[in-house]
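J.: Sequence:
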Amino acid sequence: MKKPELKHGFILKDSQDIKELNLRADTYEHQKSGAKLIHLACDDNNKVFCVAFKTIPSDSTGVPHILEHSVLGGSRKFPAKNSFMELIKGSLNTFVNAMTSSDTTMYPVASTNDKDFMNLSRVYMDAVFAPLIYDEPNILHQEGWHLELMSPEDELKIRGVVYNEMKGVYSSPDALLYYGSTQAQFPDTTYGVSSGGDPDIIPQLTYDSFVDFHRKFYHPSNSKTLVYGDLDIDAMLRLMDEDYFSNFERDPHTIEVDMQKPFGEVLKTEIEYPFDEKQDPEGIYHLSLNYTWGTQLNAYETAAFAVTGELLMNSPASPLKRRIMESGLAGDSYLSANTDILQPTLSIVCKQIKKENIQPLIQLIKEELRRIAKEGFDKRLIEATINKKEFFLREGQMDRFPKGLFFTWMMLGPWIHGADPIFQLRFEPLLAELRKGITEPYFEAILDKALINNTHHSEVIFKPVPGLLSKQEAAFKEKMAEQKAKMSDAEIAELVDFNQKLQAWQMEEDKQEDLAKIPSLKLEDMNPAAESYPTEVEEWKEFTLLKHALNTNGIVYLKAYFNLDHAEEKELPWLALYAYLAGKLDSEHYSFSDLSNEINIHTGGIGIKFNLLDSHVDPDLISPQFVVAAKAVTAKSEKLMELAAEYALKPVFDDKARISTLIRELKARMEGMLMSQSVVVAINRMFAPISQLHKWRDLTTGLSFYHWLVELVQMLDDGEIDEVVSELEWIRKTFFTQHKLVISLTASEEDIAEAFKYLMPVISNISSETYAPVQHVFGIQSQNEGIMAPLQVQFCAKGGNFFRKGYSYSGKLRVLNNILASDYLYKELRVKGGAYGAMCNFSLGGYHYF
127 MKKPELKHGF ILKDSQDIKE LNLRADTYEH QKSGAKLIHL ACDDNNKVFC VAFKTIPSDS
187 TGVPHILEHS VLGGSRKFPA KNSFMELIKG SLNTFVNAMT SSDTTMYPVA STNDKDFMNL
247 SRVYMDAVFA PLIYDEPNIL HQEGWHLELM SPEDELKIRG VVYNEMKGVY SSPDALLYYG
307 STQAQFPDTT YGVSSGGDPD IIPQLTYDSF VDFHRKFYHP SNSKTLVYGD LDIDAMLRLM
367 DEDYFSNFER DPHTIEVDMQ KPFGEVLKTE IEYPFDEKQD PEGIYHLSLN YTWGTQLNAY
427 ETAAFAVTGE LLMNSPASPL KRRIMESGLA GDSYLSANTD ILQPTLSIVC KQIKKENIQP
487 LIQLIKEELR RIAKEGFDKR LIEATINKKE FFLREGQMDR FPKGLFFTWM MLGPWIHGAD
547 PIFQLRFEPL LAELRKGITE PYFEAILDKA LINNTHHSEV IFKPVPGLLS KQEAAFKEKM
607 AEQKAKMSDA EIAELVDFNQ KLQAWQMEED KQEDLAKIPS LKLEDMNPAA ESYPTEVEEW
667 KEFTLLKHAL NTNGIVYLKA YFNLDHAEEK ELPWLALYAY LAGKLDSEHY SFSDLSNEIN
727 IHTGGIGIKF NLLDSHVDPD LISPQFVVAA KAVTAKSEKL MELAAEYALK PVFDDKARIS
787 TLIRELKARM EGMLMSQSVV VAINRMFAPI SQLHKWRDLT TGLSFYHWLV ELVQMLDDGE
847 IDEVVSELEW IRKTFFTQHK LVISLTASEE DIAEAFKYLM PVISNISSET YAPVQHVFGI
907 QSQNEGIMAP LQVQFCAKGG NFFRKGYSYS GKLRVLNNIL ASDYLYKELR VKGGAYGAMC
967 NFSLGGYHYF
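Last residue of the sequence shown: 976 (my numbering), numbering continuous.
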């Protein structure tokens, strides 16, 4: 038998053609160090590099998270303190970041420029395998935590980037709900601690524990590297071998995650969370029912478990979701799935519950699970759910992320835990297995084993406590005062000296020779021509058609932009509500559950959103729109057009009880959003008095929209549902017209022609009524605002409009933005001040914020 060829220390262990995705997966192993690498070879020039490690914390000090930050603060070959930010300044990356999950830390980068891609990969490799943390403890003090005392008279405080970041995270009720559930479900393993760090526990992290964690887990034997795209694999293997892996010996020790043993009976616990002391906590209890079943090593079981959860909760046709909504016992409910960890876990989460309804709700859920197991899932729902999964896998897209990152996230969970990562890409056998559920009680059996008769199950109740945050802050302040009072004068002087030296180190400029070592692109390395996308504009009597002829692998993408210039300002929240309700109610020809199933069986998804299009010339010129987006394989074009019209244009508002329930659900979700996305709220509220665009955003997505929903719920409580229905019907009849309608089709030329045949009959049935645009008068006001909320950190925003000061937008502002964000603000607010986020922006519409 021929001995495998050694290539830069690597042996090619396996090579497979993945027909499902039109790529080849080559698996390598580095002989000396034991490092493993997979190259997903294809013709995509948006190349991805990711090195990842299994990182298993034993406590909630946040050591893997702090380490993720710290290794990017200087390394052997690139010793500049701010090497990460300096790298970004000279890069054309399409993605650069680092992430910590409960059992994995990953460092992904992406770029379409070959030189840039190798630069990014080289700096990241040096960061993870040769960081300066062993020589410079100040990196931990800055990124993790330290006691701050700048003068003997000051109050003793705790500072640190990750410390402040996690204080923000732990301010969110949703985050507390997640962490509380995982701690209940995994009391004896790494999943029961916070890998990100609990702010109360982070100050227990010592320097020795910090560097020991790196020494143990950041070894090539414990690494998994994935590279994707049209890249020079020979150059990549040479880089990894000569500069890094050849310097390590294979580590014989294996790193394993301990298995949590199932409980003898259901574990029940109650956790308190902070609530506004000025509000009534009645009806604001939350509940999480958590189920752990199987292991990551069985791909079929893990996928079937995940799909079972989706069947129960993830669509309007899902029976458990529907039962909870109809009961009125919870304001909102959803499925939280964590299936990338060693022991996959599903959580049925219910929010905004009255205390007396908690046990009846638990009983209702368990009865409904037993009913479904006995009577079976709707076969159309099963078919729809699996088809939706198949479309998602074949399309291989996730928001605006590079495609290679989609595959990276898909493969890493199984790979880290020893399962076959390539199996995740070869999804045909997996889908065939799941389709058994269409003809036999496949998912009902999973439901019975994984949820109904599973003792690895917990019930976690989250109790709102008004004023808890104030009590916690007072207790912390008292604790710090007591700690300072116990310090001797010499200890205080030593701590002041430490902080002054730390600040001096932080403010010390990097040496020019160190900055020069960080690779950056030169102008000659870049293609000055912007990538262009074909656009053909056709003016029809009824509408404007935009045709984008591209290779989309047989998928047709449709967008329809309905002009709403005739909307009054008072109607804007109603338009946003209409977009939320569409697809969740019966339509002219389908029940809401049948419509959901039809969409998932025949398409890749249909949606509608309310959008505000601003001008790049005049900040007062705002155009509101409904944007209907839909996609399907070309063979389903006719059905796509029919269902898109049904979804957006033909909802029926007869089911008043469901409308009321959905509005209450939206209010509950807005409350969660306001807490979890507070910086967005701050920016919109800051701009609202001086910008019509942001005032309208606030009215349709922000704090003002939430206040409007509160009043709307009060209308429902007062029995005024008929007024609500009347407004929604008015919107349906008035705001979907051919007037100024713009249609966009993206596919190959042949597929656009095919789809267009079925588009015309839909458009011909749309109203041709025209309306005069409403002339809105916006008066600029100058006001500052503070918003009180039960948060442990503050979110601040300041800004204005430079158009009104006589300036215009140019590319120079992009450069200024980069200088401010990656240099001045980064150093002053993050490095020196310890703030997690420090950002600025200059928009094409003339708005700038800090």
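To be clear, the hints were calculated from the coordinates, so they are not data collected in a lab.
A quick note: this is a predicted structure, and the numbers were derived from the prediction, not measured.
Some hints here could point you the wrong way.
Beta-carbon label-pair distances, calculated as ranges [claimed, not checked]:
(1) Q907 to I381: 54 to 60 Å
(2) A558 to D781: 34 to 40 Å
(3) N579 to A783: 31 to 37 Å
(4) R364 to Q638: 44 to 50 Å
(5) I381 to K145: 31 to 37 Å
(6) N580 to N148: 55 to 61 Å
(7) D261 to V392: 33 to 39 Å
Think about it this way: if two alpha-carbon atoms lie no more than 25 Å apart in a straight line, the pair counts; the simulated PhoX-like pairs of lysine-lysine are [said to hold, decoys possible]:
(8) K782 to K710
(9) K762 to K293
(10) K953 to K627
(11) K492 to K673
(12) K667 to K648
(13) K215 to K883
(14) K215 to K637
(15) K643 to K735
(16) K394 to K447
(17) K765 to K883
(18) K515 to K505
(19) K610 to K562
(20) K643 to K283
(21) K859 to K515
(22) K480 to K492
(23) K643 to K394
(24) K241 to K500
(25) K958 to K627
(26) K597 to K481
From the three backbone atoms N, C-alpha and C, an ideal C-beta is built for every residue, glycine too.
J.: Would you mind marking each hint as holding or not holding in the structure?
T.: Each hint tested on the structure:
no., hint, result
1, Q907 to I381: 54 to 60 Å, "holds (59 Å)"
2, A558 to D781: 34 to 40 Å, "holds (38 Å)"
3, N579 to A783: 31 to 37 Å, "holds (34 Å)"
4, R364 to Q638: 44 to 50 Å, "violated (29 Å)"
5, I381 to K145: 31 to 37 Å, "holds (34 Å)"
6, N580 to N148: 55 to 61 Å, "violated (39 Å)"
7, D261 to V392: 33 to 39 Å, "violated (51 Å)"
8, K782 to K710, "holds (12 Å)"
9, K762 to K293, "violated (48 Å)"
10, K953 to K627, "holds (16 Å)"
11, K492 to K673, "violated (51 Å)"
12, K667 to K648, "violated (49 Å)"
13, K215 to K883, "violated (48 Å)"
14, K215 to K637, "holds (17 Å)"
15, K643 to K735, "violated (47 Å)"
16, K394 to K447, "holds (22 Å)"
17, K765 to K883, "holds (12 Å)"
18, K515 to K505, "holds (16 Å)"
19, K610 to K562, "violated (66 Å)"
20, K643 to K283, "violated (36 Å)"
21, K859 to K515, "violated (34 Å)"
22, K480 to K492, "holds (18 Å)"
23, K643 to K394, "violated (56 Å)"
24, K241 to K500, "violated (60 Å)"
25, K958 to K627, "holds (12 Å)"
26, K597 to K481, "holds (23 Å)"
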